[in-house]
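One-letter residues, chain by chain:
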Amino acid sequence: MTAPMDVTGGDTEAAPEAVVDASGGKAIQGRSLGQIAWMRLKRDKVALAGGLIVIFLILVAVFAPVIVGLLGQDPTQFNSDLIDSSTMVPKTGTGISVDHLFGIEPVNGRDIFSRVVYGARISLLIAFLATLLSVVIGTLLGVTAGFFGGLVDSIISKTMDVFLAFPLLVFAIALAGIVPDSAFGLTGDTLRVSLLVFIIGFFNWPYIGRIVRGQTLSLREREFVDAARSLGARGPYIIFRELLPNLIAPILVYATLLIPTNVLFEAALSFLGVGVRPPTPTWGGMLADAVRFYTIPHFMFFPGMAIFITVLAFNLFGDGLRDALDPKAR
Amino acid sequence: MVTYIIRRLIWAVVMLTIVSIITFAIFFLVPRLAGATSESLAARYVGRTASAEQVKIAADKLGFNDPLIVQYGRFAKGIVAGADYDYGPGVERCPAPCFGYSFLTRLPVWPDLLDRLPVTLSLAIGAAVIWVLAGVATGVLSALRRGSLFDRAAMGVALAGVSLPIFFTGIVSLVIFSYGHPFRITAPGGSFTPFDENPAMWAYNLILPWITLAFLYAAGYARLTRAGMLETMSEDYIRTARAKGLNERRVVVKHGLRGALTPILTIFGLDLGLLLGGAVLTESTYSLPGMGKYAIDAITNQDLPKVMGVTLVAAFFVVFANLIVDLLYAVVDPRVRLG
Amino acid sequence: MSFLELKDLRIHFPTDDGLVKSVDGLSFTLERGKTLGIVGESGSGKSVTSLGILGLHKGGRARISGEIWLDGEELVGAGQEHVRALRGKKMAMIFQDPLSAMHPFYTVGDQIIEAYRIHNDVSKKVARKHAIDMLGRVGIPQPERRVDSYPHEFSGGMRQRAMIAMALSCDPELLIADEPTTALDVTVQAQILDLMRDLQRDFNAALIIITHDLGVVAELSDDILVMYGGKCVEYGTSDDIFERPEHPYTWGLLGSMPRLDREPTERLMPIKGSPPSLINVPSGCAFHPRCVFEERTGGRAKTEVPELLETEGGHLVRCHLPRERRRAIWENEIKPNLEAS
Amino acid sequence: MLRRRLGVAAIGAVLALAVAACGGGSGSSSPSSSGDAAGGGAAATGEFNAALTGVVNPSDKKGGILKFANGGDWDSLDPGDTYYGYSWNFIRLYGRSLLMFKSAVGKEGNQLTPDLAEDLGTPSDDAKTWTYKLKKGIKFEDGTPVTSKDVKYAVERSFDKEVFPDGYTYFNDFLDWPKGYKGAYKSKDVNTDSAIETPDDSTIVFHLKQPLSNFDYFAQLPATIPVPKDKDTGAKYKEHVIATGPYKFEKNEIGKGFTLVRNEQWDPATDPNRKALPDGYEVSTNVNADDIDNRILAGDLDIDVAGIGIQSAALGRVLPDPALKANSDNPTSTRLWYTSINGNVPPLDNIDCRKAVQYATDKVSLQTAWGGEFSGGQIATSLLPPAIPGHEDFNLYPPGADNKGDLTKAKEALTACGQPNGFETNISYRAERPKEKAAAEALQQSLGRVGIKLTLKPFPQADYFALYAGKPGYAKDYKIGLAMNGWQSDWPDGFGFLQQIVDSRVIRDTGGSSNISVRDPEVDKLIDQAMKETDTNARNAIWTQIDKKVMEDSFILPNVWTKTLLVRSKNATNIFVNDAYGMYDYLGMGVK
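Protein chains in written order, with the numbering used here: chain U, -1 to 328; chain Z, 605 to 943; chain V, 18 to 358; chain G, -19 to 572.
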């Protein structure tokens, strides 16, 4: 959609560009962009809190077996004896006890704490990998389009348009629903995770691609690129040595902000039953199970809050990062 | 201008064609890669107790034995030129655009889509009105009172808003305001009342999904508007406007908002376009019989003509919204020239 | 009392990085029909001063103290609404970059009409005629056609003329031009400066020209005020500044002034370093880290803030060097160099 | 907050009950028509399960509108297409088939009674020919008299599975159709007298390929509801079905709902089975299932037409609350949830390995997974549900005293099978069905105790039988050793229940059959025997024998016989459960 429009006289994509030219005029000298960003980030308590929660969540995901070993039990372990067989809910209402810190699930009595902890693994793994995929494809194609321009740009831009016109969620559900349980030499969780990473990552790259393309277009006109070109540097050299380093800041910001979107996406697919297969715990899947027992909000609370806190933490941190790298937006 | 629109329309058609080809290919190929044969595909559309011979007849009838290109061609031809529709006792003309007829109910898809459209339209437009008003107002106020308690509170709520999955807020809203509630606000599910039938009931049935959906978007728009306003209000021309002696209200509304809302217009167009193609999660959560629910049901039943129809209509809205946004942009921003 | 008088004006901004003292104790006077040039590098506080006079820092984060008297009225303590009514009417401003200073979405005519109608209760039609008149007066050809153009459809010089037309639309008594020619190329610069001189004469307004380029004010100004680090470092008549400058910073500015009779790349008296941080203002004389003659003060420059003192006949200088020493340096070391080239 | 709200609602319900109880007399068990119309003299029985054995709120009051809702889409309203029990229960309101199930309480509802026909069918030619005489004076809603030709046409059109994919194929499979016959639409001018003869307008004769002792059950199928040929619009007929029953369609929006109003052409004199009390019916489809429950409890909706009982959430509200529980019923339906054990997938080809699965299963957690003892079902130990003649209580694999499995026996069986440490296989289920998922997970847990490691394989419902679990090649290649499955009898006899799930001849390489594991030639032979046997008791004994044989083979792991918790409408009269459908009978109901 951007291609046929031409803005005369001004650069409308000013916001990300500001990331590059640091703090104007206030005479903070002699510090690199990274240092300035870190200085600003340090002062942003909310963003730091977000960052800490993110680190905490990553640790929880990585050390899930240890945490669960100490405070929970196998997340797929049934505790049928704690369940009222007529109403299918825990005999004590929520099932919270010393053994089950967050209580137990209805029907099968699985430990909610352990499932929430293990759920972080799937959620973060898919969100990170999908983001990585989007960033890699988006950066490669975005830089290529922006740098070479002309027909290449035209083809890539139109491809992005086509991708953006797809009803993404419908498509993701359809694809995740019809891919069989063993394909491409993969099975089980590995296949499902790969599949979800592919679906989420592959359909999101145009968002990164557009930003990178716009940045590249404006960077291409800068002096240092001209200088490199006049010294006889070739396309790949300019892309990797001159352009990419200058694109890192905006890519980092948008990648950080894409992660929470992907967390929500994965949760939505799991909620709709096309995510990772049970009994592997996922937050979306837990929520879907809990909905049947909505009269006891307890079951919804933990997976719902897990999604909320994770997304919020990434958003807070991403916002802080953007503000730190782009003082104009403050 | 006219040539531009024509060019864009041609591109829109090309894009929709590509979308349809990819959709078709995926739904055609993936099951076959998973080991399906024409007969096994047909078997699901003739009931569970049909004989092998009946399955074979159905497979032929549904065209499963033709190559992909022929099947796609038939589909595309139906949209452009209409198709003949065999409903059993006779053959009927299914006029263009004919999206074929459901494998499962044997009814044409297009009237179904037309039937679902008002629901999604009502949901999307009603929510859009709320979220634009609420989001923009909050964003402007926040920007003008940057750092104030209001700003912090509003931005906190907004951030929470964009961080909550709609299927969670939706259910919570149903639990609190609807299920088993003596004065329940909404009657979720299947209770869509067309606007022209009873405007009050129409609004009554939609108010909860509207608010939930609008909350999600309003949060995003408040953040966008705030950022846009902050950026615009630091523009030189705002300083000029103040130097001219304009009062602050006029500076904000006429000069600030005008600049800040232009990029939001683009995002709004795209959001609305996407939403008109079906608010999948919202419609599922509230059991609203709109395009999104239709899409999910179609996918569940592997009803290819329905999936194709709803995908294309959704893509059409996105492409169309893009075109409208670009045209509007040219109207709003005199610097933009279309060419 | 003078038409415009600033007394000990201070404009400070609290920021995350500390308190920015953009303007720190500035005083001067200006009469109707006279022109004052305020000169300094970017960040010296000159633009902040002009915005301060117009009251555009009011209601923001700025901490403002001191007094601004305009035609017998004190503005620092006056209500926001009161100052707003004066803006555009009694005092107007011309900004540096007319492309960004004019709203891109409204036509030039609309923007002039808006400025006129705020302060004059007239119909749109009358205002439009007035706008066309003004555009004509600032030398825009075919004003009745150009009035409906958007800013981006103008050339740089034409835009600045339109900007001037907008500022003058309500016949202001004080006109502040903030770097009015910086964004323009050299030939257009001269035209704009000519235009401003003519108009000032016609309107009999007091004019403040703010620039980093002494060349711009050389021809135009009656008095010149040199700012550095938020303070006035030298003030005097145009003659004082160009013929008898006494502050090392002014010498530096003179040295870096482009002249037609000199090779453009030649810089005989370059000012080393960059402008000071306004948060951690250097101790003592703010200019000392960059001053070539700093050691000749015997270390005082590093510790003691110099005062703005009169040398003779209203010529003020803020420097620790004794007056004779300054004159000697100017006569013997600087002036010959400047002229020799 | 939530709890308080629910509390308020519950108190409201208690008050409503109390008021009703003050209204007068206690419940009755027979449809006495003594209640006076105005005073609401017929009171709520106020007893759990009262509607299983008697009529609750008996009344003959006419008028009012009954409100129904469906949590999903109606599969089809077309009599030749519809294949859901609730739809067959409901279709009697607008359509009349040759025979019908009696609108009566409990087991009495299992009895067939003539509807269009004057009497039950007359067999001849060793039960290969069945003859029915039609009553006089029955008309379509447009006043045209119904003839036997309309019935014949209705059966012929239902043959076309391409147009009517939902329905059953009993007529297709058993009638003696001419070779290459493709149904009324595609074989328009083919003489079908070899299958159905109509010697005159009021006689219809069916000719079968093989003897069938229970053809009367075929004659109650909705496909025998007459369809006027000139009004037939094929796939679109479901949009406006021409009524023969006491109600006809006023408005019908597929996917949203429809309304029924009185059919003036229906003559009560020809119809002793229908009271036709309400003035009409309002039905909405695709309604949120939880909302249906809440609305029924609140009284502004009468019936969840699907008859699947209340959702888990409402269950937690109704069961602990004595007042609410007293206004509910808990029938057992003729549906069995089971797990197919595929003998084609090693090591399950070994009978001892299959038996190990039977012994290791924790039936209690399975029951909870299906919904608990009220809304899940009764733990099943064999195939035939208790309501079906031929059912016998036996348990070949006693799962221990606490019903949680006999692990010692399971290990012995594993050792006998040569897999003492267990084995690995997959279990499939329909991805869209949370209860199947829960049951699969429960099995995974309980079999894991003896080292049988299950991997869960969800598949889309639409393709479950056609592409995956039901496709022998796929199931074998991808080692789908266990598959979640379910079956509800099309009518309450052994044939209707067992034939489709234990006859190995229904298994096709192309997939799609419900039987995906039982392959035993002896069972097939027994089925043929039963179909020929005209003596009901002897026939039922054969079905019992088949049941036992399949259990001995251990091709099926029965989970539960479904039970549903139904909540009675606050506004409806004559509420009772009909065993033929395992849900409230929709024909007898009226409005208070």
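Among the clues, some could well be false.
Stated by the list, open to error - For each label pair, taking beta carbons as the anchor points, the in silico distance ranges come out as:
hint, chain 1, residue 1, chain 2, residue 2, range
1, V, A207, U, A226, 35 to 43 Å
2, V, K142, U, A47, 54 to 62 Å
3, Z, V695, G, G160, 15 to 23 Å
4, G, G279, Z, E801, 37 to 45 Å
5, Z, L633, U, K43, 26 to 34 Å
6, U, W36, Z, A741, 55 to 63 Å
To be verified - Simulated crosslink set (DSS-like; lysine-lysine; CA at most 27 Å straight-line):
hint, chain 1, residue 1, chain 2, residue 2
7, Z, K681, G, K216
8, Z, K660, G, K87
9, G, K129, G, K119
10, G, K113, G, K41
11, G, K512, G, K189
12, Z, K660, G, K42
13, G, K572, G, K41
14, Z, K665, G, K209
15, V, K141, Z, K858
16, G, K211, G, K189
17, G, K550, Z, K660
18, G, K108, G, K189
19, G, K168, Z, K660
20, G, K82, G, K119
21, G, K305, G, K550
22, G, K305, U, K89
23, G, K159, G, K115
24, G, K115, G, K166
25, V, K142, Z, K858
26, G, K211, G, K115
27, Z, K681, G, K189
28, V, K106, Z, K858
29, Z, K858, V, K146
30, G, K389, G, K305
31, G, K162, Z, K665
32, Z, K660, G, K189
33, Z, K681, U, K156
Stated by the list, open to error - Okay, the calculated bits of chain Z under chain V, using three or more residues with CB under 8 Å as the criterion:
hint, segment
34, 840 to 848
35, 929 to 941
Because the hints were derived from the structure by calculation, they are not lab data.
Beta carbons: idealized from backbone N, C-alpha and C, even for Gly.
Hints versus structure:
1. V:A207 - U:A226: 35 to 43 Å: Since A207 of chain V and A226 of chain U have Cβ atoms about 38 Å apart, the given range 35 to 43 Å holds.
2. V:K142 - U:A47: 54 to 62 Å: Once the Cβ atoms are compared, 59 Å apart, the range 54 to 62 Å for A47 of chain U and K142 of chain V holds.
3. Z:V695 - G:G160: 15 to 23 Å: 21 Å, holds
4. G:G279 - Z:E801: 37 to 45 Å: 25 Å, violated
5. Z:L633 - U:K43: 26 to 34 Å: 52 Å, violated
6. U:W36 - Z:A741: 55 to 63 Å: Violated, since W36 of chain U and A741 of chain Z (Cβ atoms, about 36 Å apart) do not stay within the stated range.
7. Z:K681 - G:K216: Cα-Cα ~23 Å, so holds.
8. Z:K660 - G:K87: Judged against 27 Å, a Cα distance of about 41 Å means the pair is violated.
9. G:K129 - G:K119: 13 Å, holds
10. G:K113 - G:K41: 33 Å, violated
11. G:K512 - G:K189: Distance of about 12 Å is within 27 Å: holds.
12. Z:K660 - G:K42: 51 Å, violated
13. G:K572 - G:K41: The given pair, whose Cα atoms are some 7 Å apart, holds under the 27 Å limit.
14. Z:K665 - G:K209: This hinted pair holds, its Cα atoms lying about 23 Å apart.
15. V:K141 - Z:K858: 17 Å, holds
16. G:K211 - G:K189: 31 Å, violated
17. G:K550 - Z:K660: 50 Å, violated
18. G:K108 - G:K189: Measuring from Cα to Cα gives roughly 7 Å; hence the hint holds.
19. G:K168 - Z:K660: 20 Å, holds
20. G:K82 - G:K119: Distance ~21 Å between K82 of chain G and K119 of chain G Cα, so the pair holds.
21. G:K305 - G:K550: 13 Å, holds
22. G:K305 - U:K89: 18 Å, holds
23. G:K159 - G:K115: 32 Å, violated
24. G:K115 - G:K166: The hint is violated at about 31 Å.
25. V:K142 - Z:K858: 20 Å, holds
26. G:K211 - G:K115: Holds, because 22 Å separates the two Cα atoms, which is no more than 27 Å.
27. Z:K681 - G:K189: Violated. K681 of chain Z to K189 of chain G sits at ~45 Å, over the 27 Å cutoff.
28. V:K106 - Z:K858: 20 Å, holds
29. Z:K858 - V:K146: 22 Å, holds
30. G:K389 - G:K305: 40 Å, violated
31. G:K162 - Z:K665: 13 Å, holds
32. Z:K660 - G:K189: 23 Å, holds
33. Z:K681 - U:K156: At roughly 25 Å apart (the allowed maximum being 27 Å), K156 of chain U and K681 of chain Z satisfy the hint.
34. 840 to 848: holds (count 8)
35. 929 to 941: holds (count 4)
This entry does not satisfy hints 4, 5, 6, 8, 10, 12, 16, 17, 23, 24, 27 and 30, going by the numbered hints stated previously.
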